Amino acid sequence: MKRGMIDFWVGLFAVAGAAALLFLALKVSSQSTLAVNQSYELVANFDNIGGLKVRAPIKSAGVVVGRVNAIELDPQRYVARVHMAMDARYQYSRDSSAEILTSGLLGEQYIGITPGADDKMLKSGDTFKITSSAIVLEQLISRFLFSKAEGGNKDSTEAGK
Amino acid sequence: MVNVLVNLFSRIGAPLTRGIVKLGFACRFFIAILRHSPVSLVRFRLTMREIWFAGVLSVLIIVVSGLFVGMVLALQGYETLVRFGASSSLGVLVALSLVRELGPVVGALLFASRAGSAITAEIGLMKATEQLAAMEMMAVNPVARVVAPRFWGGVISMPLLAAMFSAMGIFGGYLIGVQLLGLDEGSFWSQMQAAVDFRLDVMNGVIKSAFFGVAVSLIAVFEGYDAPPTAEGVSGATTRTVVTSALVILALDFVLTAFMFRGV
Amino acid sequence: MTFVMSAPLVEFRNVSFAYEEEIVLRDVSLTVARGQVVAIMGGSGSGKTTLLKLIGGQIRPDSGEVLVDGENVGNLGERDLYRLRRKLGMLFQFGALFTDLSVFDNVAFPLRERTNLPESMIRDLVLMKLQAVGLRGAARLMPAELSGGMARRVALARAIALDPRVMLYDEPFTGLDPISLATTGKLIRELNDALGTASIVVTHDVAESLALVDYIYFLADGVVVAQGSPDEVRASEHPFVRQFINAEPDGPVPFHKPAAPYAADLGLEAANG
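Protein chains in written order, with full-length UniProt numbering: chain S, 1 to 161; chain G, 1 to 264; chain L, 1 to 273.
Bear in mind the hints are in silico, worked out from the structure with no lab data behind them.
None of these values were measured; they are calculated from a predicted model.
Please note that the accuracy of each hint is not assured.
Said to hold, decoys possible - These stretches of chain L come out as covered by chain G in the derived footprint (C-beta under 8 angstroms, 3 or more residues): (1) 74-85; (2) 92-100; (3) 108-118.
Note that the Cβ used here is the ideal one computed from N, Cα and C, for glycine as well.
Just need the whole structure built from these sequences, with the hints factored in.
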């Protein structure tokens with residue numbers, strides 16, 4: 001193997017490796033975690049976060065505007081406190097509300113933000129005043145079953161008369 | 001009775017002690033490599049030849065295996081996903097499994113058996129034919145001249161090979177998913193892009209493969225250097241390189257994964 | 001006994017060495033002077049190769065001193081050892097050529113690694129050394145394309161590349177046909193006289209050595225049992241020397257490896273008793 005040939009092949013190898021990395025960077029993945037200097041933090045308290053996970057998206061009108069940074073339990077009030085990293089380009093008024101939604105019936109859970117109408121905007125570290133918790137499917141089903149059972153009993157007593 | 005016990009203990013203890021002695025030697029060897037590394041980085045042509053030997057010559061097997069692994073993943077994944085009506089997530093499944101796990105791990109396993117064994121055999125034969133001793137007598141340190149360039153050649157090649165493996169695998173998944181099974185091309189790529197995070201998934205995969213590169217290269221050069229200078233010695237060392245590398249890769253993968261993806 | 005009175009280049013003073021429990025050399029003393037070719041003879045496993053490793057500083061003596069050009073090898077640090085090795089040239093048993101380099105690059109190796117000479121001068125030096133061993137025509141070949149004797153000569157050219165003061169030969173005659181053997185022997189003598197080196201030849205080839213060397217040490221079980229010039233050796237009545245020179249299968253070096261009595265091993269004694 002001549003030296004020139006080795007150099008040529010190693011060069012080609014480096015180019016191919018770089019191309020593969022570039023492909024993974026540009027075509028396969030996206031930079032979803034926001035850089036610290038381009039984001040600000042908001043907090044929201046929920047009675048129940050259901051299956052919400054760290055890094056879940058925060059959407060407004062269906063557009064991703066942030067990510068869940070951390071989830072913890074407030075030991076005084078026993079509510080879940082969710083820290084969110086918001087894209088600095090988007091500001092929300094103080095009466096905006098946050099709710100936990102599910103994409104599709106069994107899909108991933110995310111936080112949806114409905115903007116309000118107040119003049120003043122939420123600043124970094126502020127808390128959402130209005131929140132609504134996750135819909136827990138098991139509770140929904142059991143409520144549905146109970147109501148159905150009650151209804152069924154009514155039917156049967158009526159039929160017995 | 002006491003004799004039997006002593007015998008038993010020594011039978012258990014001897015391989016254990018040997019193993020610990022060997023591990024200690026490997027650590028010392030690793031430090032020696034690092035100490036003698038400047039030569040192989042200053043005279044980069046030495047390392048260049050080893051990148052060619054370990055990296056370029058492994059490209060074919062890496063690319064072909066990556067393609068097939070990606071195609072199989074797509075076929076198998078489709079079977080499962082289509083039952084839940086989630087076949088549009090096929091791209092996500094293929095990309096995440098390749099970028100996070102299969103690219104670094106299978107890439108490293110292939111690298112160990114293709115390049116690692118060759119490095120061990122090469123150094124072992126150089127030792128058996130007294131080439132290393134000859135070098136030493138010419139006042140040239142074989143660790144600096146022979147071992148360190150091979151080590152760095154492997155370390156540099158491994159992440160590039162793993163990235164190629166992942167990229168080819170995703171391309172294979174695309175071929176099966178979009179071209180063969182008729183999934184929508186747009187949603188295949190966009191879902192993948194939305195779900196795969198560059199830093200968390202791609203970069204962690206690269207970091208993993210860098211760790212594997214260090215581990216496999218170290219095992220390969222060490223086994224070669226430590227091999228008894230006979231034909232059986234070298235062949236045994238070559239086998240040990242592949243077996244030890246495989247075990248270390250998988251164990252290391254567990255540890256790294258536990259560190260990187262905990263709680264996510 | 002005739003002693004060359006110039007200062008010895010290599011000197012062993014009461015050197016002992018053991019690999020863990022196994023004693024390899026015991027109280028060995030010998031001297032090699034400039035211009036001398038000295039043979040170390042002995043059966044396989046008599047510690048001959050260990051002797052060369054001690055000179056190169058690859059191992060250190062347990063007791064005694066190994067002096068090379070006045071320096072005590074056993075006390076040198078790594079840096080000094082590497083400096084000292086520049087004065088040594090060693091021919092390994094089967095040449096130990098670098099299989100991934102061409103003949104030219106093999107001979108150029110020590111020059112490129114140890115000197116800062118320009119490439120044009122290295123080229124001239126390499127061709128000179130190859131000319132000295134008669135293989136200038138093989139410069140472009142790879143080691144795999146050489147015969148055993150040619151490989152040995154290329155290795156010799158490589159060993160003398162840095163003009164060493166001491167040449168070490170580890171079994172230079174093993175596995176060579178008679179012609180290559182004679183060529184190698186002649187080269188060893190000529191190079192020694194031309195370069196003014198001190199040469200140590202470790203070998204068990206009696207006929208070739210007697211014709212070649214100035215002085216012979218006989219080594220058995222790590223001890224120098226006999227020594228002398230070739231004429232003295234030929235006339236020697238020492239039983240070990242006689243056995244070695246006449247290649248007798250049994251003698252001070254026993255034909256049988258020490259073992260339990262033959263009859264006992266076959267179980268005959270047990271049957272009798």
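Now for the hints, and whether the structure bears them out:
1. 74-85: Coverage by chain G holds here, the residue count being 3 at a Cβ distance below 8 angstroms.
2. 92-100: holds (count 7)
3. 108-118: holds (count 4)
Against the hints set out earlier in the document, no violation occurs for any number.
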